[in-house]
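Make the full structure from the sequences, and use the hints.
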Amino acid sequence: MEPPSEMVHWLFGMFLLLLGLITLAEVIVGPDVWRRRAWRIYLWPGIAFGLGVVMWPVMTFFTNSAIHMVAHGAWAQALMAMGGAELGLAKGKLTSRWWKIATPVGLAVSGAAFLVHEQNGWFFARSAFLHHLVGWTLIGMALLTLTLVFRPRSVVFKSAFAVAIVALSVMLFSDRDLAPVFGHLSPLAGPPHR
Amino acid sequence: METQLVREQPADQVYTSTRARTVALLGPLTVVGGIIWAIVQPSRLTLLHPYHQGFWWLVIEAPLLVVFAGIAFAVFVARPLVAELEGDDGAA
Numbered sequence: 001m002e003p004p005s006e007m008v009h010w011l012f013g014m015f016l017l018l019l020g021l022i023t024l025a026e027v028i029v030g031p032d033v034w035r036r037r038a039w040r041i042y043l044w045p046g047i048a049f050g051l052g053v054v055m056w057p058v059m060t061f062f063t064n065s066a067i068h069m070v071a072h073g074a075w076a077q078a079l080m081a082m083g084g085a086e087l088g089l090a091k092g093k094l095t096s097r098w099w100k101i102a103t104p105v106g107l108a109v110s111g112a113a114f115l116v117h118e119q120n121g122w123f124f125a126r127s128a129f130l131h132h133l134v135g136w137t138l139i140g141m142a143l144l145t146l147t148l149v150f151r152p153r154s155v156v157f158k159s160a161f162a163v164a165i166v167a168l169s170v171m172l173f174s175d176r177d178l179a180p181v182f183g184h185l186s187p188l189a190g191p192p193h194r
Numbered sequence: 001m002e003t004q005l006v007r008e009q010p011a012d013q014v015y016t017s018t019r020a021r022t023v024a025l026l027g028p029l030t031v032v033g034g035i036i037w038a039i040v041q042p043s044r045l046t047l048l049h050p051y052h053q054g055f056w057w058l059v060i061e062a063p064l065l066v067v068f069a070g071i072a073f074a075v076f077v078a079r080p081l082v083a084e085l086e087g088d089d090g091a092a
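Which chain is which? The protein sequence lines are X and Z, in order.
First residue of the first sequence? That's 1 in our numbering, and the numbers climb one at a time after it.
First residue of the second sequence? That's 1 in our numbering, and the numbers climb one at a time after it.
Heads up, a few of these hints could be off.
For each label pair, taking beta carbons as the anchor points, the in silico distance ranges come out as [claimed, not checked]:
(1) X:S65 to Z:S17: 52 to 62 Å
(2) Z:G87 to X:S186: 52 to 62 Å
(3) Z:P42 to X:V156: 34 to 44 Å
(4) X:N64 to Z:G87: 45 to 55 Å
(5) X:R153 to Z:S17: 45 to 55 Å
(6) X:L115 to Z:S17: 38 to 48 Å
(7) Z:P80 to X:G50: 17 to 27 Å
(8) Z:L29 to X:P31: 40 to 50 Å
(9) X:P187 to Z:P80: 50 to 60 Å
(10) X:V156 to Z:A83: 26 to 36 Å
(11) Z:T18 to X:S186: 48 to 58 Å
(12) X:L178 to Z:T18: 40 to 50 Å
(13) Z:I36 to X:G50: 40 to 50 Å
One side only, chain X facing chain Z, incomplete, derived with CB under 10 Å [what the hints assert, rightly or not]:
(14) E2
(15) P3
(16) P4
(17) E6
(18) W10
(19) M14
(20) L18
(21) L21
(22) I28
(23) G30
(24) R37
(25) R40
(26) L43
(27) S169
(28) F173
Footprint (simulated), chain X over chain Z, 3 or more residues, beta carbon under 8 Å [claimed, not checked]:
(29) 19-28
(30) 49-61
(31) 64-74
(32) 79-85
Since the hints were derived computationally from the structure, they do not count as laboratory data.
From the three backbone atoms N, C-alpha and C, an ideal C-beta is built for every residue, glycine too.
Next up, the structure:
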């Protein structure tokens, strides 16, 4: 009794929205205030790591093709590596700033996973459109976080990253298993159900 | 202007309270976003028309997930953060 895949996107959207709000709050108050409480610095990496963990059951139960399984599996590993590296940096166990590279790599793998497991064109259906859009947004976010490795205190890039996370959650909430996008729906996709 | 009754607020205190207010607004704005979505697309709230709906359609209500994220942020993240910022104001 699995939920429809659109609901899995909504649940991920909810956690991404929370992650986006947390990142926005961190940008607004600044790193010094944010780091006053130890638990707060684990929020972002902890949620990212958790999303990687719950990606495994998604891989297991939503495998309708080999490419889906490979994409979700690679994605789960990348998210866990990204969250794990950020947790290590937050705790102080990892000291080299090059560990920050794990975040752009994790986001790039996530973007690539979205793009490769969507085999239809942009206007095939809404889910296809959103998979392309989310994939390219994640690639853009990978570039943003790569810039943050070299300019870690840039408020502009941090704000852009936070807004991009919130935008990602909106995209995930817009997902439907079978619905038109801007009036386009391929006849091959089947009748829209809701 | 500064008298016995009216005192000018220091600039850094104003800045801190602006930040506190902005952080405090994020959660309620998210909740309002979820409520507006539910009003604009009531069909998304299957609890309003529950007959012949499957288990998942009754449990996962997308606009309520938005509201939930807003409440969780407001209670667990924004409230302690705002209290600290306001504590800074009080100490200043």
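Evaluate the given range 34 to 44 Å for the C-beta pair formed by Z:P42 and X:V156. 39 Å Cβ-Cβ, so the 34 to 44 Å window holds.
Take the C-beta atom of X:L178 and the C-beta atom of Z:T18, compute their distance, and say whether it sits inside 40 to 50 Å. Given range 40 to 50 Å: holds, Cβ gap about 46 Å.
Determine whether the Cβ-Cβ distance between Z:P80 and X:G50 falls within the hinted range of 17 to 27 Å. 21 Å, holds
For the range 50 to 60 Å, tell me whether the beta carbons of X:P187 and Z:P80 fit it or not. 53 Å, holds
Tell me if X:W10 is really an interface residue toward chain Z, meaning its C-beta lies closer than 10 Å to one of theirs. At about 5 Å, which falls below the 10 Å cut-off, the nearest Cβ of chain Z leaves the hint on X:W10 intact, so it holds.
Taking the closest Cβ pair, is X:R40 under 10 Å from chain Z? 8 Å, holds
Three residues minimum, CB to CB under 8 Å: does the region 79-85 of chain Z make the cut for coverage by chain X? Let me know. holds (count 4)
Does X:I28 hold up as a contact with chain Z if the rule is Cβ-Cβ below 10 Å? With Cβ-Cβ at 5 Å, under 10 Å, it holds.
Identify whether the interface hint at X:E2 stands, where standing means a beta carbon of chain Z within less than 10 Å of its own. 8 Å, holds
Has the hinted range 40 to 50 Å been met by the Cβ atoms of Z:L29 and X:P31? 23 Å, violated
Measuring from the C-beta of X:G30 to each C-beta in chain Z, is the shortest one below 10 Å? Holds, because the Cβ-Cβ distance from X:G30 to chain Z comes to roughly 8 Å (cut-off 10 Å).
Per the hint of 45 to 55 Å, is the separation of the Cβ atoms of X:N64 and Z:G87 within bounds? 53 Å, holds
Hint check: violations occur at hints 5, 8 and 13; the rest are consistent with the structure.
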